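Asker: Let chain D serve as the given structure and place chain S on it in line with the hints.
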Amino acid sequence: MYPFWEGLFIHSTLYLAFTSAFHVLASHITVAAAWFNLYLERRAVRENREEFYVYLKRSALGLLVFAYVFGALAGVGIWQTTTAANPRGISTLIHNFVLYWGSEWYMFLIDVIGIIAYYYTFGRVSRQTHLRLAWILALGGTGTLSIIVGILSFKLTPSAWFETGLSLSGFFNTTFWPQLFMRFAFMFTITAAWALLIAGSFPRGFYQREHIIRRAALFGLIGLFAGIAIWLTWFEPSLPVNAKAILPSRAIPAPTFPMIYFGLIATFIGLVFAFVAPQMQRRIFAVGAMVVLFGAIFGAERTREVLRKPDIISGYMSSNQLLFRDIPVRGIASEEKRLSQTGMLGNLPFVPAPDKMANVASDLTFGSSDPEIAAGRVLAIQQCGSCHSVSKQTAMTVAGVRLDLRSQANLLKMRNLTTASKIDAYLKSIGGFPYMHPFVGTDAERRALARYFEAFLHSTYPETAPTSQAQQEVK
Amino acid sequence: MTVGEMLKMMRDPLGAPFFPPALQVLLVVTWVLHIFFVTTALGSSALSIFAFTFRRTSESWLQLGRIAARLSPNSVGLGIVTGIAPLLFVQTIYDPLWYAANTLSGFWSAMFIFIMMGGYSLAYVFYLKGSKDGRLVFTAALSFVLLFFAGWVMHVLHSVSIRPDQWLRWYMPDGVIDTRGVTFHAYNIPRLVFLLPLQAALSLSAVVMFAAWYMRKRSDDHAFLEWTAGLGRKLGLVVSPIYGVAGLAWALTEGPEFGVTALIAVPVLGLSAALTGYFLALKRPIDKAPLSLAVWLAALLGVAVIREAIRVASMARFGYSVADYPYRMDWGSILVFGGTTIVGVMVVLYLVLVLYQANASKEGTISPRVERLGKIATGMLGAWFGFFFLVGIYTVLFLR
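Protein chains in written order, with my numbering: chain D, 26 to 500; chain S, -13 to 386.
Honestly, the hints are just simulated from the structure, not real lab data. Since the structure is predicted, the reported quantities are computational estimates derived from the model, not experimental observations. Honestly, I wouldn't trust all of these hints.
Claimed, not checked - A short, non-exhaustive set of chain D residues, derived as facing chain S with CB atoms under 10 angstroms:
(1) VAL94
(2) LEU98
(3) PRO112
(4) PHE122
(5) ILE135
(6) GLY165
(7) GLY168
(8) PHE197
(9) ASN372
(10) LEU373
(11) ALA399
Said to hold, decoys possible - Partial list, derived from the structure: chain S residues whose beta carbon lies under 7 angstroms from chain D:
(12) VAL67
(13) ILE99
(14) SER319
Claimed, not checked - Dumping the calculated DSS-like pairs for lysine-lysine here, alpha-carbon to alpha-carbon at most 27 angstroms:
(15) D:LYS453 <-> D:LYS269
(16) S:LYS348 <-> S:LYS115
(17) S:LYS115 <-> D:LYS82
(18) S:LYS269 <-> S:LYS220
(19) D:LYS447 <-> D:LYS362
(20) D:LYS82 <-> S:LYS361
(21) S:LYS361 <-> S:LYS348
(22) S:LYS274 <-> S:LYS348
(23) D:LYS362 <-> D:LYS453
(24) S:LYS(-6) <-> D:LYS362
(25) S:LYS269 <-> S:LYS203
(26) D:LYS82 <-> S:LYS348
(27) D:LYS447 <-> D:LYS417
(28) D:LYS453 <-> D:LYS417
(29) S:LYS274 <-> S:LYS220
(30) D:LYS82 <-> S:LYS118
(31) S:LYS(-6) <-> D:LYS381
(32) S:LYS203 <-> S:LYS348
(33) D:LYS381 <-> D:LYS417
(34) D:LYS417 <-> D:LYS438
(35) S:LYS203 <-> D:LYS82
Heads up, the beta-carbon is just placed ideally off N, CA and C, and yes, glycines get one too.
Just chain D, same shape as in the assembly (with noise of 0.2 angstroms):
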């Protein structure tokens, strides 16, 4: 429906994916540090303890310049690299729960207008008139936060949003329950490392800060063990029965679960080291705890992302970004089943019919003029390059690594699959995987697609091509 934009360097889902991950980061800190100062306020306030607002105030210089601003900031981005990603996937949410986000952008206007005024207020205003901006920049956070996850646990489960066609369905869905409670909880962990990080910055013996480092150790052990907990008993339970089937399926890369259970034990271990020897702590330990935490994170969220496969929003949208199924409550109809009737080439509009195309000799079509690769480029990038690489213009390659996304190359040479017919029959098949939607379009189209990545497998790797497969034979 819209231009494509593959990525350069590295796939656009990779720069959505870090940029998603930066601003968990951030602002996850934002709202359990506000709970974690507006904590420590209120016993300055209340035990006249003059020293903690030392830490507060450096904690409210780091929060405004890196937690709430870049946060800020990495929010815009992460609208930004979904809408160059996958247009349709943000729209849908987007003409669902405009409104929502609206809602959202008051408490998001409260957060950072808040974190400027309780900064600068430090000493300019009565206790009782600070602690209050404390109280309002916790509840600000948590409110951005109950918003934001309406939305996002949409996109696994819109429930019965299916059969009502009403937003309020769709936001306050099966795992919005869950997610909130869990990531309010993982919150007090990330903000453990937080405060970690600031307390460990004063010098040993100063002010509290062997006893704010124990506090936030304790919050961040507390939170790591609820997130847990509600992560076990509550929402994994309630994922649908597909995303129960990808979890450990090949959908999810192999290094994931690895990274996010050494983030979790290595957190765990650097919260007791903080709780039981605080004076030993140091800000290298905080800044290395941020550096596994957001390892943990980009992990964690894209296990979130990948569970919902083969759909950007679930049982609606296809990653591909065609709608399959119809609501009747909002008039909507399945575009796949009109596609597959149609043939996709010339019935979209940035998706070209065979005669637009121009059938010269590229790079982009591996060398070859043929008129049905050049189709199967245009069909390989609209069906499957969402997901994977489906050229090498998204497979930068450092210290011979190459970062490619599911590389369409990679995996046929590992099923090997190297020839149009094989790759043909192969993705009559694929709707059979419980992470990919069948083919949608004509037989003809089905021909040209695998013509297309017959050409990328054997550019990508010569050795699968059939004239260096018969010399290998014959040596």
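Answerer: Relative to the frame of chain D, chain S by itself:
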């Protein structure tokens, strides 16, 4: 398939959840705040660089440069936050335009935020580490370049979005699909000059006067404040006529393409003349600073309307109109948004008043009325969660 048919097909089948022309009004109004902060960020960044590079011997300039260095990153933050609202509304009623532009320029769309992060970080580095004694001016300069480049990217995205008749040609140059998204397909330099550097200067003019007015009660250096306000007025006076010239160039270069030459030329020349007249007549800039700020915001509203009129004219060529955009009143959305708006406005108002009063005088006294507002606003924010969860529970139990 005609361009008009293509645009209709590209619209999201779900339609808008609210009356689309109302969303169009919100789009225009929220853009005013956004562009104000964006141009303030650029203007204050330029001012701090100028002060610390060319006026190092003048204490007044350095003092103003420090204020500008502090203003710049905070304005970037507010520019980003206020940019989210128009971003929401443009996607709702102009989805074909926005999404096509972002995919055609995908690489720059994705890079935008990294460019912004670089610009913002460097602005903060200069504010925290350099603005005291004027070291690290290169960080401020680099920050300005990055922030301006981010503005250029947004300008290109908008320019691409209002030219749907060119999209296919850009996507398939010579019949071969280009999925790299690296080309700057469309731009209009006079428009860019009008919207960014010149408006940055005018935003700076208004903000500088306002800052002088605001600091009156807590600063004893009245000479500096008078000088600052006078500088703001002078800047406004010099830039306003140039603003008109750039606007005319914009009208003459972009106008004919959409048949809106007069529609751009007349109001921008009018705005330029009105602003020039205002600055000429402004005798005590420090006393009239709030009025000057209001005048400038009103001028920005005028520009926002002109911008929207160009988009409407461009789309009308293909039969695309916001008035025809399908919609279905979604009462759940309206309920949540309405409730949050009441709470949000109260809390934001309270925060702004606290910021204002805390720094307006030497003592930083918060008035009892504002304190009372704070109690109510905080209570309302707490109550919002009750409202939110009740709506959730009602949905789970009854909307099935």
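Asker: Next, verify each hint and record whether it holds.
Answerer: Consistency of the hints with the structure:
1. VAL94: holds, 4 angstroms
2. LEU98: For LEU98 (chain D), the interface hint holds, since the closest Cβ of chain S sits about 5 angstroms away, which is under 10 angstroms.
3. PRO112: Given a least distance of 4 angstroms, the restraint on PRO112 (chain D) holds.
4. PHE122: Since the shortest Cβ distance to chain S is 7 angstroms, the answer is holds.
5. ILE135: For ILE135 (chain D), the interface hint holds, since the closest Cβ of chain S sits about 5 angstroms away, which is under 10 angstroms.
6. GLY165: holds, 7 angstroms
7. GLY168: holds, 7 angstroms
8. PHE197: At 4 angstroms from the nearest chain S Cβ, PHE197 (chain D) passes the 10 angstroms test, so the hint holds.
9. ASN372: holds, 9 angstroms
10. LEU373: holds, 8 angstroms
11. ALA399: Where the cut-off is 10 angstroms and the nearest Cβ of chain S is about 8 angstroms from ALA399 (chain D), the hint holds.
12. VAL67: Given a least distance of 5 angstroms, the restraint on VAL67 (chain S) holds.
13. ILE99: holds, 3 angstroms
14. SER319: Because about 4 angstroms separates SER319 (chain S) from the closest Cβ in chain D, which is inside the 7 angstroms limit, the hint holds.
15. D:LYS453 <-> D:LYS269: Distance of about 25 angstroms is within 27 angstroms: holds.
16. S:LYS348 <-> S:LYS115: holds, 26 angstroms
17. S:LYS115 <-> D:LYS82: holds, 18 angstroms
18. S:LYS269 <-> S:LYS220: holds, 11 angstroms
19. D:LYS447 <-> D:LYS362: holds, 26 angstroms
20. D:LYS82 <-> S:LYS361: holds, 23 angstroms
21. S:LYS361 <-> S:LYS348: Distance of about 24 angstroms is within 27 angstroms: holds.
22. S:LYS274 <-> S:LYS348: Holds, because 22 angstroms separates the two Cα atoms, which is no more than 27 angstroms.
23. D:LYS362 <-> D:LYS453: Roughly 16 angstroms separates the two Cα atoms, so the pair holds.
24. S:LYS(-6) <-> D:LYS362: holds, 20 angstroms
25. S:LYS269 <-> S:LYS203: Holds, at roughly 21 angstroms.
26. D:LYS82 <-> S:LYS348: holds, 20 angstroms
27. D:LYS447 <-> D:LYS417: holds, 22 angstroms
28. D:LYS453 <-> D:LYS417: holds, 25 angstroms
29. S:LYS274 <-> S:LYS220: Measuring from Cα to Cα gives roughly 14 angstroms; hence the hint holds.
30. D:LYS82 <-> S:LYS118: Holds, at roughly 20 angstroms.
31. S:LYS(-6) <-> D:LYS381: holds, 21 angstroms
32. S:LYS203 <-> S:LYS348: holds, 7 angstroms
33. D:LYS381 <-> D:LYS417: holds, 24 angstroms
34. D:LYS417 <-> D:LYS438: holds, 15 angstroms
35. S:LYS203 <-> D:LYS82: holds, 26 angstroms
Checked against the numbered hints given earlier, the structure satisfies every one of them.
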